[in-house]
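Student: Residue numbers (our numbering), protein chains in the order written: chain A, 1012 to 1447; chain B, 1012 to 1447; chain C, 1012 to 1447; chain D, 1012 to 1447.
Treat the hints with care, as some may be off.
Here are the simulated EDC-like cross-link-like pairs (lysine to aspartate or glutamate), alpha carbons at most 20 angstroms apart as the crow flies [stated by the list, open to error]:
| # | chain 1 | residue 1 | chain 2 | residue 2 |
| --- | --- | --- | --- | --- |
| 1 | B | K1182 | B | E1241 |
| 2 | C | K1211 | C | E1349 |
| 3 | B | K1436 | B | E1349 |
| 4 | D | K1443 | D | D1400 |
| 5 | C | K1238 | A | E1241 |
| 6 | D | K1182 | A | D1044 |
| 7 | D | K1116 | A | E1349 |
| 8 | A | K1182 | D | D1221 |
| 9 | A | K1116 | D | D1221 |
| 10 | B | K1211 | B | E1349 |
| 11 | A | K1201 | A | D1055 |
| 12 | D | K1211 | D | E1351 |
| 13 | C | K1201 | C | D1068 |
| 14 | B | K1436 | B | E1370 |
| 15 | A | K1238 | C | D1109 |
| 16 | B | K1116 | C | D1221 |
| 17 | D | K1182 | D | E1349 |
| 18 | A | K1116 | D | D1178 |
| 19 | C | K1182 | C | D1221 |
| 20 | C | K1116 | C | D1089 |
| 21 | C | K1182 | B | D1112 |
| 22 | B | K1182 | C | D1044 |
| 23 | A | K1238 | B | D1400 |
| 24 | D | K1182 | A | D1112 |
| 25 | A | K1244 | D | D1089 |
| 26 | A | K1211 | A | E1310 |
| 27 | D | K1182 | D | D1218 |
| 28 | C | K1182 | B | D1117 |
Honestly, the hints are just simulated from the structure, not real lab data.
There are 4 protein chains.
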Amino acid sequence: MSLRLVVLFLLSIACVPFAKAAGANGQWLVTTDLWGNPAYQQLDITDGDGALSGVFDGDPLVGNRNGTTLQFTVTGSDGAIYRFAGTQTQDAITGNADYPDTNNKDQRAAHAFSARRLPQRSGNAPQRHEFVPTDYSNEFSPHRAPVLTIWPGDSVHTTTLDSGGVDQHGKTRALFGNPQTGPFFVMGAKPGDVLAIRIKRLRLNRDYADSLDSLVGRAMSTAVAAKAMELGKPVRWTLDRERGVAFPQTPTPGLRTLSVPLSPMLGGLAVAPGFGSAPVSTGDTGRFGGNMDFNGIREGATVYLPVSQPGALLYLGDAHALQGDGETSQYALETSMEVEFSVDVLPNRNLSAPRVESERQLMVLGQAGSLDDALRSATSGMIQWLQQDYGLTLSECAQLIGSSVHYVVANLAGRSVGIAAKLDKSVLRTLKPADG
Amino acid sequence: MSLRLVVLFLLSIACVPFAKAAGANGQWLVTTDLWGNPAYQQLDITDGDGALSGVFDGDPLVGNRNGTTLQFTVTGSDGAIYRFAGTQTQDAITGNADYPDTNNKDQRAAHAFSARRLPQRSGNAPQRHEFVPTDYSNEFSPHRAPVLTIWPGDSVHTTTLDSGGVDQHGKTRALFGNPQTGPFFVMGAKPGDVLAIRIKRLRLNRDYADSLDSLVGRAMSTAVAAKAMELGKPVRWTLDRERGVAFPQTPTPGLRTLSVPLSPMLGGLAVAPGFGSAPVSTGDTGRFGGNMDFNGIREGATVYLPVSQPGALLYLGDAHALQGDGETSQYALETSMEVEFSVDVLPNRNLSAPRVESERQLMVLGQAGSLDDALRSATSGMIQWLQQDYGLTLSECAQLIGSSVHYVVANLAGRSVGIAAKLDKSVLRTLKPADG
Amino acid sequence: MSLRLVVLFLLSIACVPFAKAAGANGQWLVTTDLWGNPAYQQLDITDGDGALSGVFDGDPLVGNRNGTTLQFTVTGSDGAIYRFAGTQTQDAITGNADYPDTNNKDQRAAHAFSARRLPQRSGNAPQRHEFVPTDYSNEFSPHRAPVLTIWPGDSVHTTTLDSGGVDQHGKTRALFGNPQTGPFFVMGAKPGDVLAIRIKRLRLNRDYADSLDSLVGRAMSTAVAAKAMELGKPVRWTLDRERGVAFPQTPTPGLRTLSVPLSPMLGGLAVAPGFGSAPVSTGDTGRFGGNMDFNGIREGATVYLPVSQPGALLYLGDAHALQGDGETSQYALETSMEVEFSVDVLPNRNLSAPRVESERQLMVLGQAGSLDDALRSATSGMIQWLQQDYGLTLSECAQLIGSSVHYVVANLAGRSVGIAAKLDKSVLRTLKPADG
Amino acid sequence: MSLRLVVLFLLSIACVPFAKAAGANGQWLVTTDLWGNPAYQQLDITDGDGALSGVFDGDPLVGNRNGTTLQFTVTGSDGAIYRFAGTQTQDAITGNADYPDTNNKDQRAAHAFSARRLPQRSGNAPQRHEFVPTDYSNEFSPHRAPVLTIWPGDSVHTTTLDSGGVDQHGKTRALFGNPQTGPFFVMGAKPGDVLAIRIKRLRLNRDYADSLDSLVGRAMSTAVAAKAMELGKPVRWTLDRERGVAFPQTPTPGLRTLSVPLSPMLGGLAVAPGFGSAPVSTGDTGRFGGNMDFNGIREGATVYLPVSQPGALLYLGDAHALQGDGETSQYALETSMEVEFSVDVLPNRNLSAPRVESERQLMVLGQAGSLDDALRSATSGMIQWLQQDYGLTLSECAQLIGSSVHYVVANLAGRSVGIAAKLDKSVLRTLKPADG
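Using the sequences plus the hints, can you model the full thing?
Tutor: Here it is as C-alpha cells:
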C-alpha cells in the first residue's frame, strides 16, 4: 500500500515550489511501510559534506551520504536502534529500514521506506492564501496528499461545499456525506503539538439551505417514536442574508411566519488521525475533531486540535447556516460557505479533547457514545485546560467548575454525541493566570 | 395508617378559619384507606335539606343525609359503583366505603374513609400571605398536613433553610437533606391540573454559603477519579450581597482572587406525588418536580408542575446562592433564602415533565437515570408544549427544534440527572400562536 | 411524626411475648425524633440496682435509674456527648435527649425519644415459624411495625401475594404494586451487618399467572416503538405445575403450541432503608435490595443484603412463575407463592451492592439509572467480594474477572436497571481461599 | 484514488485462474470512481455476438460490443439512466460512465470506471481450501484485493495471528491491532444478502497467550478507578492444551493455583463495510461484524452478517484462548489460532445486527455506544429474526422475549459495546416454525 502513497506524494511534489537543495540537507516527510500500514514521520537532516546528523521524529540520528546513497541510524529514547539505508534522487529518498520487533526485543524486522523533501517558505511574513478547491475528501485520512502547504501564522481564504457535495452555484462537486476542503499541510506541526485554527470569516455564499423535518433517534422518546413515521422529509430553507434570517421556502401552516436568525457555523473541522487509526469517515468525530457539528464553532472562534501526523493535515467542511443544539434534525441548514482561517502551532501540549475559544468563553468538547460519557470527557478536558493554563489544583478546578461551568449539548446526530463544557472568561479573569 | 392522617388533619383544621357550614354543603377532602394506603380525593356536596348531590373526584354522586348520618353513591365514568356511608360531626365525616375489586369485577371490598371540610376564602381578591415556617419536611409527601391553605392568585412571602437545615441566623432548624418549607394546599388544584408557581422574589438573607470541593461521579472520567481522593472537603463561601459576588472565605492560592457573580436559584420545588407513590426524599426528583437543582429556576421564572393530589401540596427549599450547570460539586453554594411566590391553577393540562418559563425562554426539564434518557424526556416535553400552545404538527416541531433548540445540563448530583430543552420566545413570537 | 410510631410500636408490643424484665436491664429499640424524622437505634442496658451501663448504637453509656426515672450519657467515638433523660413504664421509656448540633459544634438541640423493650427468645435452638400474613406493605419502610421477631438461624414458612395484591385463592388482599409480606425483625442485626437470607423453598401455589404483551421502553428501538401501539394487553398464563411448564391460556396463532419451563423466582426482597431515606416504593430498588426482579433469586439461593436499621426489617413479595432476563414485558408471569426462608447475620461487613449465591455461582447485582452504571456497580461489588473473601489484590481481581466473569441483564422494568456479575465457584475453588 | 484500486485488482487478477472468456460474456466487478470514492458493483453480461444484455447491480442493461469497444445503458428501478462506454482488454474493461446527478435531477455527471472479470469455478462440488496467509489487513476495507475467491458451500482451513500480529511460532508477521486474515471474496454474495459463516474448527496452535491485568474504563466505578493506577501490566498465560486450562505463567500469590477452562473464540469476523463508509479499523465493530469480541463465537457456531459489497469480502482474526464476558481486561487471552470455516449465502435477507447460532441458542448481537442502546439493538434484531423465521407478530415476540430471553454483555472494550440477546432453541422448538 505504501506504493500508492509514494505515487501520491511524488505527484504532489510537482505542485509545490522547492528551494534549492544541497545534498540531503532539509526537512523530509518519511513514509515507512509497516506490514502494509504507512507510518509518517518527520526527518530533519543536516548534511555536512556527507556527514549526516539531525532528528527523526524527535530522536537523534547520525549517518553518512555517499553521492546519492544514504545511511543513518536513529536511537530512540528507550535505546532502541533504527537503521535506514536509501537512495536519494533530488527531492525523494527510497530505501529500507531495519527496526526492532515490538513483540520480541531480540528480533528485528525490515520495512521499506520513502521520503519526500518538504518545501521551504519564501520569506518569513505570514501569508494569506487564496485557495480554490478542485477536489474534496470524504475521509479524514492521513494518506491523502496535501492540497496546500502553509506555515504557522498564515491564513487561507477558501470555500466549502454543503454536506451533499453542492457548491455555492448549486452544482454537485463531490460525493455526499460532508466532503471536505483540504487537507492543508501545516509546516512544523508534529504529533504532540496543538493546531490552533482561528475562524476569521465564515459567511454564507448562497441563498438556500437543505434540511429535513427529522428527529434523531437519540432525541425521541418511545412515545414520540410511535408517531414519527411521517418524519424525514426534505425541507429547503431560504437564507435571507440581508435580514439575517432563515425560513422554510414552502412552510406548512404552523410555520407560515417562522423566522429564525442566521448563525453560520462550521460542522466539520479535523486534523488527520494518528498512526494505527484507519481513515475516518467525514461523518465521524474523535479527539482529532471531525464532524463535530457544534454551533459554537463560528466566526471569531479559535479551535484547538491535537496534532497526530506531521503537518497536521487540516480538513474543513459541512457548514450550516444555523443549527439548534445537537443537530436534532439530522441535517442542519446545510449550505456552502466562504471561509477564512489562520493557523498556529502550540508545541508539546497535551489535549484530551477538542477545545474552542470565543471572545466570551473557553469551551471543551467531550465526544463519546453516550451523553453521560461525553460529559465526563468534557469535564476532564476542562480540568486539563485549567491545570495547564491557570495552574489550578484539582480541588480548585472542582470549586471553579462547581460554581461556574455551563454544559450544553453539542451534537446528537453522529455515532458519537457531544457535550461542551464552558467557562466564562469574565470569571477566569478574576483568577491570576499562571503565567501572568 | 389512616388514623394518623385524621389526627393530623383534625389538628390542622384548628388553624384555619372556616365559614359557617350548613349540613354537608361544601368541599371536602376525603381520605380512603386502601389496605393501609391513604387515597386523597375531593368531594363537593350540595346538601338540599338532606338531598345530596355533587361530584366526587370528577364523578357524579347522589345520596341523602339524615341528621349526622350520610350515605351517597358515586358512579364512575366506566359505570363502576362506589357506595359511602358515614357520620358527620360538624367539619369531619368518618365512615366506610364499598368499592369494586380492581382484580375481580364481580367482587367488592370495604374501605374505611374519613373527610375534612375544606376552608372557604373570605372575599375573592388575591391575598399576600406572610408565612413564617416552624417546621420543615424531609419528604415530598402526600401525607403531611398543609401548613397553609391558599387560593389561585395568592402569593406567599416566606423563607427557606439551606440544605443542611440552617436558617438565616445560622441556627439549625431542621434535619439536613434539603428540608422544605410547606406544604401549601392550593384550593381548587386537582389531579390532572397544572400548578403554575411564579417566583416573584428570591433573595439572599445571609452572608455565607456552604459547599464542597467535590466532583460528582457522573462528571469524573476514570483518569480524574484516579486523583480525586483529595476531594470532598467543605468550602465556605462569602456572599457579598452589595457587590453581587461570591468567593471562598479562605481560598487556596489558585483561587485567591476568584470572584463569581451571585445568581440565586431555588433547588427544590415540588408538588406531592400521586397515589401509589411512596413519599419521596427531598433529595430526589420526578415529574412532580422535586430537588431539580436547575439554575434556571430563579427570580422572575414561572414553574409549571403537574398536580397529582387535591390541593397540589406545594413544597419549596434548598436554595443556592449560585451554581454551575449540573451542581457538579454535589453541594452548590447552599444558603438560606427569602422567597415570594404566587400560584395559579391551569385546569386539565397534561404535562409529561416540569416546565419553566422565563422572560426570554420556554424550558422543559427532562429527568432520568442517564443524560441520554433525560434529553429524550426534555425533547418530548417541549414537543408536547409546542403542540398544546402553538398547535404545531410533529413535523413542524421537528423543524423548529432542529433549527432553534438549546439543551443545557441541569443536574448531575441526584439519582436522576436533568437536561433542559429551551426555546427562545423571540423565535416563538414569529409563529402565530394557536390562540392568537 | 414520632407520635405515630410510638403508637404503632406500643400496639406491636402487645403481640409479642416478653421475658420478665428487671429494672432497665435488657435490649431496647430507641426512636429519636430528629425534627420530625424518626431515628431508630439499639440500646443495651445493664442495670445494677440503678447504676446503668451499656451500649447505645455502638457507643458506651453510663447513667443511673431512680425508680422509673432514668438518665444516661452516651459518648460518641468522636467525643460528642449525648444525654438522655426519661421515664420507664415496664417495657417502654419516653423522654428527651440532648444532642450536639451537627452544623454548629458549640450548639445543642433537644429531641424527644421513646424506647420499646426488645423481646428475649425462649431457648437457643433455631425455630421454624409458620407465619400467615394478614396485611401487606406497599413501601419498604423503616417505620412499619414488625409482623414477627425472629433470630439468626430461624426459618419462616409463609406466602406472598402476586404483584396485583391477589393471593393463592384469587382474592385481592392488598393494594396493587408488589405488596410485601413483612417486615420481619431479625434480633441482633444492626446497621453495618449483612443479612443472609436463604431461599429454602419457593413453590407455586396456584395455577395461573398474569402478564402483559409489552416491551419496556428500555428494550425498544425507535423502529420497534413506531409499531408498538398495539402492545400492552393483559395475557393470562396457565401454570402447569405437573409438567413444569407455562403457556398462554388463550394464545394467538403464532404461540398456539408455545410451552416455557417454569422457573419460580422472588422479585422483591429487601431490608428497610437507612436513616435519612424516605420509605421506598415496593416498585423500586437500591443497595438494600427491593424490587430487584432478578431471575437468579430462586429456591436454593442465598441473598446478602446490607443492614441499615436495627432488626434489618426484612420484606419479601412479588414472585414470578418465570421471567426472561430484564422482565421486558413489564409484568413477568406474576403469581402468588409459597416461601420458606432462613436468616443469618454476618457482623460488620461492608456491602456496596446486593449479593446472591447459588450452588454454582457468586453473583453481585449492580443497580443504577443506566446499564452502563449498573455494570460498574456490579463489577465493583464483585471486586469487593473477592477482596473480602479471597484476599485478592486489585490486579488479581482484574485477571480473574477478565478471564472468567459473566454479565447478565437482571432488570429493565424499574426506575433503576440491573446487571449481575457472576463468577463460577468451580473457578474460584482453584484459588486458595483467604481463610482456607 | 480509483487508479490505485485498478492497480491492486490488476495485480490480483494475475493470481486467479480464469476460464476462457468469449467476448464480454461473464461476470464482472465494476469499480466506478465517484469523485474519488470507488463504488463496487457486479455486472453480468450476455454477449450475443456483440449484442449485450444482462444485469448491473440488479438493474437491466442493453448495449453492444464492436470489437473491444463496448457501450451499454442501465435503467434503474426509478427510471434513471446510466450510460457506460469502455474498452475491453481480455479480462478488464476501462471507460467512462454517465450518471444522473443525485442533487439535481436535470444534471448529469461523468465518472471513470473499470471492471475486472470474475473467475468461474471448475466444477460444482464444494471445495475445501487450504489457505496460508502471507499478509494481513489492519482495516476492514472494501478496497483491499481478495486473497482468495471462494463459492458458497466451500470451506477454508487457515490460521489467524494474535492481536499483536504474532503467529503460532512467536514471530511478528503483521502490525499490532488485530491484523486479519483475508479478505475472502465469496462469489454470488451481493449487497442485501446475508453471509453465513460456520466455524467448523477453532483450535489453539501455540502454548501461550498474552493479556493484561487491566479493567476497562466502562467496568470501573470511580471508587475502583481511584485505586487503579497500579493496573495495566502485561500478563502471559500458559495454555495447557492437554488439560484444557489456562493459568498465569508467573502468578502473584493470590492466583498461585488459579486454573481457568480454555474456551477458544474468534474475536474478529467481518464483511467489508458498504459504499459511503470509510475503511474501518480492525479494532472497531458495526452491523458488518468486526472486532465483536463475543465469546459466543466459537467452534460450532454459525455467524450471519449482512453483505454490503459484491463478494462480501470476509475477514477474520483476533482469536482468544478464553475471555470473560466483555473482555474487561482490554486484552483477552490473545493467541494465534487454527481455523476452518465454511460459507453460505442467504439471498435478500434484511439483518439489522449480527446474528450467531449455536447448537443450543439463537443470539443477536446489539452494538452501540452504550449498553442501553446496545440492548435496544439486540432486542430489535431478535424481533426481526422471530418475525422473519417464525412469522410471529410483535405481540407474540413480546410474550416470547418477556418469558424467555437471556441478555449477556458481549463486549466492553471497544468504542462500541455489545449485548447479546439469546433465545433457547428448546423453547423455539415448541413453536411451529413459519416454514415447517
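Student: Of the hints given before, which are not true for this structure?
Tutor: 1, 3, 7, 8, 15
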